[in-house]
Amino acid sequence: MGGLQKKKYESGSATNYISRNKARKKLSLSLADFRRLCILKGIYPHEPKHKKKVNKGSTAQRTFYLLKDIRFLMHEPIVGKFREYKIFVRKLRKAYGKAEWGTAEKLRGNKPGYKLDHIIKERYPTFIDALRDVDDALSMCFLFSTFPRTGKCHVQTIELCRRLSVEWMNYIITLRSLRKVFLSIKGIYYQAEVLGQIITWLVPYQFAHDHPTDVDYRVMATFTELYTTLLGFINFRLYQTLNLVYPPKVTHSQPAVMLHFDLLSDYLTSALLPFLPPRFAEPRWPPVPRPGGLQEDGEKLAERLKARQDQDRQEKLFEGLKFFLNREVPRESLAFVLRCFGAQVSWDKSLCIGSTYDVTDETITHHVVDRPSLEKQYINRYYVQPQWVYDCVNARMLLPVEDYFVGVTLPPHLSPFVEEKEGDYVPPEKLKLLALQKGERPEQEEEEEEEDNDDSEEEEDEDQSDDEDELKGMEEKQALGKASSVKVTPGEAKPVNRQRAEQEAKAEEKRLAVMMMKKRDKYLYDKIMFGKKRSVREANKMSAKRKALDEASKANKKKKLKK
Amino acid sequence: MCLEPARLSHSLHITLCPSLSISLFLSLSLSLSLSLSLSLSLSLSLWLSDYPHIGYDLDGKKIFKPIRNKDELDEFLDKMENPDYWRTIHDKMTGTDVCLSDEQVDLVHRLQQGKFGDVNFNEYEPAIDFFSNEVMIHPVTNRPADKRSFIPSLIEKEKVGKLVHAIKMGWIKPRRPKETAPQYYDLWAKEDPNAILGRHKMHIPAPKMRLPGHEESYNPPPEYLLTDEERQVWEQQDPDERKLSFLPQKYLSLRAVPAFSRFIQERFERCLDLYLCPRQRKMRVNVNPEDLIPKLPRPRDLQPFPTLQSLVYHGHSSLIRSISISPSGQWLVSGSDDCTVRFWEVCTTRCLKTMEVGGPVKSVAWNPAPSISLVAVSYGENVILVNPGLGDRLICSATDQLISSYEEPEEVKDQQVQWAVPEGKAQEQGQRLILTHPKAVKQVSWHGRGDYLACVMPDDGSSLQVVIHQVSRRRTQNPFHRNKGAVQCVSFHPSRPYFLVATQRYVRVYNLIKQELTKKLMANCKWISSMAVHPGGDNVICGSYDCRLAWFDLDLSTKPYKVLRHHKKALRGVAYHKHYPLFASGSDDGTVIVCHGMVYNDLLQNPLIVPVKVLKGHIITHDLGVLDVAFHPTQPWVFSSGADGTVRLFT
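The listed protein sequences derive, respectively, from chains E and X. Just so it is clear: in the first sequence, position 151 is 151 by UniProt numbering, and no numbers are missing. Just so it is clear: in the second sequence, position 441 is 441 by UniProt numbering, and no numbers are missing.
Please note that a few of the clues may not be correct.
Heads up, incomplete: computed chain E residues facing chain X, CB under 7 Å, no partners named [what the hints assert, rightly or not]:
#	residue
1	Ile39
2	Lys180
3	Leu183
4	Asp370
5	Leu410
6	Ser415
7	Leu512
8	Tyr525
By construction, these hints were calculated from the structure, which means they are not laboratory data. No experiment lies behind these values; they were computed from the predicted model shown. Think of the CB as a built atom: it goes at the ideal place given N, C-alpha and C, for glycine as much as any other residue.
So that you can see chain X by itself, here it is in the shape it has in the complex (with noise of 0.2 Å):
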């Protein structure tokens, strides 16, 4: 470690050499031994300005730096006391002060204002012109002209023979005048109209630029102007979105109007949209839209339906939520909110029976079978059996002696729903029997037979949503296990043993006899309402409440043959007629629809649905319309029930 200072000095010497030597011949070239020991300070006061000589003399030996002891003080001292002061300058080669002569200062004056240093150069002298066009009697130089300018090159010759062998050849051609203006002929002298190249197929020429119109004009009619509103909204448009790409302006006369400031822009984004733009052959449809309406037949050949509103059914102090025709069509029973079911005479619009129950009416259903003169009313988590006692007496007393007649078998089993028989008041009324289930009913509906009952109890996931009553025995039973999905309504099947549940989504399809499930319809709709089986029994058709009305044919797909959606609220009830081809459907719109849905023997037929009329008559109440809808068992008439406690017939 300690050697390596003197290494370094070493080397340092060794790069000095080379300049040394370089110093020392230009010294000896100026043959001063000032400007040698000069010179040698020069390249070595840099190296040296840590030791205390500052060169070396021709012996080798070390000159010494002056002993300088002058501090700031002294200098002051000296600056003050000094006149000659300003004239004295440290010579940092020698360490020593030099007071410069007049001459000197006078030099340095001199080359500061960029004059030649000598005072005796004249910069002006007078120019002789020693070479002139003048001939001097004398030469300026004697000497003897020389061979070449006076013989003919012959490397020259060489190469002018060259060229001139080149022109004569034709290698080399004159430089052909420019052509500044374009020439133009005939292009299409030769046209061929068949000339096209298969590229051409792909061509899509580009549309022409839109034609303007009158608001473009400098002096439109006034209507074309933007009002203040339609200016502002304009402005605050993105210029992408705007109708128009300028505002509309109105110039009382031609000399007023000025330039179109985008002039030069629009010009330009045509030449953009010119070879920027994508192209694409677009088919523009040119459908008249009569011809999208299907061919329907004429709803004036479809008759019979119902077409007016001919009888109105007052009497509810609430909507009603439920309405059901005796199997003669004499009759119509309505339960309502207001906790009362009514019994009316449908051709006279008679109230004839009213009744109270203990709460509000949910679904009333009448005995299908016309021996039997029984309406079940479910209120609350009850359903009752009622004997009106209209119509035929002998009907009446068969269904009492009917309902008495039950024994009470030896071994009582534990029923979930309670079979009681009312007394006093409440039989007078013609209340028969009182069944009390664990769960609010929501929908009764009879087997075609009129001895089954069916009863919903809708609860998510629960096993106990249906029960399905046998009166004559006064036997309830729970046919499902296991329930998927909250019921909604349900429905016998009027000619086969079969069990239609509708959950939220699907209606499946029981085999009451073996006891499985046949089919499973998919509705594709959010929530089924309410659900209608028609008479032939092969159709089903669905209203939900996402507006849609769907209908299965059972022989052909899971999936709805149709899906309606003419109403524009919620369907509440369907319901298809008997004998003739016609369905309705109910809504909260407050209009019936009643549609012509005729279905084939024929299994190759598609079932024919045309909608033939729109009845309106409810009043929408609470957002509510109609609620549910009947057929008349034998005539082509509609019942409604509203929201606005109305019972309406149309015919």
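Only chain E is shown next, with the shape it has when bound in the complex (with noise of 0.2 Å):
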């Protein structure tokens, strides 16, 4: 015996963890400064491994943040900032309080500030750190840049993330990194590969938003703020790397224009273009070859080859097509789609500056339409719709365009971003697609396949009733009271099916090693099967689903003939 008793939660997990009032009581500020500077410096909550011993014995609902995450708050000189800025409103409101004019106009010349540059360093260590986490900065930057210039938050940062989100635009373009394009019904999502990382944003369409209330805008706008430094660290590197001055100046004959940021910004998605130099010419990754590789690196190497050729075949996808965009289409992102792949965009003149030819030139190849109709057409030119241009990306290849003619029933906009593992449901149209990708014409035979199916429908009946008629002949003779004479005919050796024996017997085997399963096992062996099952029975729904509208419309389209 002896020794002094051990006191419950005095060590281990439970003096890991803090709760989140605890924190902030610790780092003595208010709640809405708490939380910005969670925000900031990427606080998060953890959620402990036992929560029951974390929480000393209470089961009740409690967010806790690790305690050396709060610790290394404490250290923070924003939070000192935080606590100026409190006493700088104090003072200008005594100042007003007092009507003293003077010394308001002098504190609000000398109201504190703070930056963010240690933070984005700190959060960040190396440049790739950065890159992969832009995700929902540019989301973020992209949404705030559509907002209205009243209201919600500064004009300023409204205007920042605009000419951010340009930048970053420009930037792409001018690699050609662009992948993969989506017209969802929330927005449009860009994929882009930039040094190696996959990129996806998300934009949202040309609308005015109806801003809810049960959103607060303060949360938003401390990201935002937070998203705006580091977007604009990140393209200064970006573009030091092309060799450009950041941020870019920008010439053009009427200076009055410039003064305009709306203008400025669209002259910037549409003009800058020229001004950039063209992307390097040299691969990225020189195909270095190793001596004495083994087989599997040679085979890696000629993958990594053959990837590599088809993203330059992508890259120029475009290249050498002038597109014309009709009044009506969403220009800012199609120019930006079809610029990304080496294509000429102009528009009309009177829509926004930076068209560079007419409607009348002869020499355009498309021109994208989103109307039912139009009256004037020019012989020597492709009007289609803009699902085209984002099919062709995504199929990276130029599709048949009669199926995107103005005034057709387009075909189904598939998401680039799904890949289908084995036994998950694939539509009918992204097999088309692959079919088409490698160089196959499947229509045709489809049609082809459909009649032979018609025919061989009829045989069966015929068949049936063949069978039928049979059994009628039977029946009747039986009536008659002609018993069908007894005979012993010579018996027929069964076949036997080893191959299926074979199986059988190792279903059951594998049937009887499952019932021998402990327990635990069991469980889990359970739970991945009803998994499997599930996704199986799913992707069976959806086929059904799609064989009995396909069906439908079948039988839609006959009638409509017949009549």
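Two independent chains are provided; combine them into the complex using the hints.
Structure representation (structure tokens):
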């Protein structure tokens, strides 16, 4: 015996975590400031492994931060800035209360501010780290840049967001690093590959937002503050790699235009391209032949080379094509996408600055239109709907334009982000697309197949009717009392399907082995099998649904034809 | 008490004094006696409202209120008759009525209109600039200029000097112009990939947003759109439970796509997730389900075991509760609920004999001794011992002799069970002895040597549940004074003087010689239905109504060595093979599962249990499938009796 009794919750996981309220008190910050600090410094709650131990025996819901994180926050210089700001507000209020306008003015001049540079550096020690986390920043900046100039946040923020997003897009255009585009009902998803990082962002459609009431814009603004800083530094670095000055200097013949930021940004999207140098000709990863490399290595290398070639081909997808955008199509998105793949784009002069050629230009190859019909059409160009552009990008090839003509019912627009695994449901359009990519022409075959099917069905019907006739004959004979004569016929040896027997034996073996599983293993096994079965069930359901829909549409077509 | 009002009034006077003095001072300055009286009465009228006087004059005498005797009627008459009533007002100070003059009425009107009281006052008089920019010949004031107006101020000089000094010393700096635009530079110019803080060890990066699938497209394939029912289900679901956070929509063209109404909310939710959502690193178990399946020897390598249904014994019209095989393996006896016992030849499925008894047969048991041809049949409260007369005649006659050679002992004990010798037709049928028990007998079980017979009469808590008969001496024993729980079945140990009693949840092993409890096996199940002892004697299997089969190793532990949950329904019968390492279990799901159960002589090696075959054949009737299983004594064959009235042989 002897020794002091060990007290509970004085060591171990209970001391590694701290509840939010305690953390707030430790930092002596208000909840709003604490929130701001957490957002800026990237501190988030942790879910302890043993919640009850950490919660000192209680099972109440509580959020926990790592104590180390909170200690780390205590040394943050920004906390001091927060306090300074609080004091500033107090002083200003006092000055206003006493109607000391001069003092108030002086105070306003000395309004304390803070910089987030060191936080960015600390959160992302390397540039790649920062790039990896830029998804949310981009989505947020693109959202904020569509906000109206009044109300919800500072105009400077909106303008900054707009500027940064436009700069980003210009970089993507210059490097032609856009990979996938997806028109969803939420907005347009873009996926680009920058320095080997896959970056996806979402841009809302160009509409006025009806601002929801259940959203705390202060939180969003704090995030935006951080994200603009991050994106600014990233843009700087990216432009630096291209040997470009950042921020890009724009020269224009009409200096009056420059004053209006809206127009300026439009100008940036539309006309900055000529100012940027052409992209570097040499390949980014030169294929270095390895001395005495294994065969696998060789294969890998070959694969990589092939991927590289594919990519190069994709990057030159629209090269040499001349597009004209009609006024009803989303101009910014289309111009961005088309330029990313080397096309020339223009639009009506009255619509926006930056148009380089007119509708009447004879060399235009594609005219992007999104209206049911067009009165005046030029012969030597295709009139396509905007989905064609996006589908081409996702398919990495120029799709046949016939399906996308004006007034034609469009084929479904598929998500390029879905990679079907074995057993998943694959929509038939995707299969068709895959076949097209391989260079097959499946459409005609399919039609033939359909015809074949019809024939075989008819034959089957005939067969069935024959059988029925025979049966009827037999019945009649029986009714007449002519009992079929009893005789012994030589028996036939049943063909033994060895493969099948083997399979069955194996299946039974497995079934018996499953019976002998431990309870714990059985639980896991059942769970996995349940998941597998569910996915199979869902896939089956989808294909059944599709089949029913196809049949219904076919029936409709036939009816129409008959009429 | 009566003093109080007086004191009160006194104090009143005292408090009055200051206000009085002030009013006096005022009145003096105005030099109006009237106003004095007015102010006096002003201050006093409030206090003196209950008194007959309204104040005091200069001599200190009370000024009394004028006697007022006008009532409402007088007032009314006055109102009607007096033409100047409208301009008459009551002065509360003096208590008199005053009729206003024309000028006074005019004044009131003017004041009401917000005009000046004085008619002659001109509010728009022409303004005269006394101090203009024009220098007049004659100054307005002829005061000489101050000296300070033409001598520099020393104080100012001092102040300016201080400022100059401060600027010179660099204490004061000009205010820097505000930086409005954020400044960017190459932040990662000197990046050090190793400069990762210790904090980053615990860092869990936020997962990226899920990438959209086909269903989010503005023009998805038609199968991704929800049908009406699915849509209804979606609408009724809680927003957190929904599989999709949005309704898939199809638009015919891009221009028809509206703004997504929840865009800002979704971004905001992402923000909340980023800074509020507790993060935890979860190890995803990526198990190949094939790896979980235990590696067992292949059943093919464990042959022989029964694999096919080869013979079916038809004849009974109701469910067959029990079957038993003769020690030679040539004959089979079955007892059914149709009140018959049938004897079959195993190889031909011929029913050689049918014996009717007086009730549904619960249990049959063939005497295991090869030299005795005797079958115990239990129905109702009776157990009959039958000599079927099959097989070797010598053995049959020997058995008959053995039974008839019994001599009544001299002192007849009173037994709870009556032994009787049947006569007439029953004797011809082969019945040799009838044992009448006080309660219904559920199970009979022979001792290996064939002289002792144990009967079970399940009755919870009763002292008489198990009896052991000695056939040769026609004696009955009740081995237990007290039984815990309802006995389900009993069994003799094949080699040692042990007796196994299975109650609902436990199997108790008694030593019959020492007359003590040796072991109590915990079956871990709710209700034991059947039990079998391995011919080696060290292992026991128990079937239970909750679908479990428990294998006990008596040397190892009192808990099951292995619990098998093969069957989907209640187990009804279990059996060991005498020579082969096989055991079988029959269940209500209509299957018989044969398992390979190898017991090693080496004590260090645990028994190997491998299921080898699931035998199906019995038809489930009234939710009952297989009721009993029994192995052939020499061949790897298993018999099963079912609720469909058949016995089946699997070879």
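Hints broken by the structure, by number, lowest first? 2
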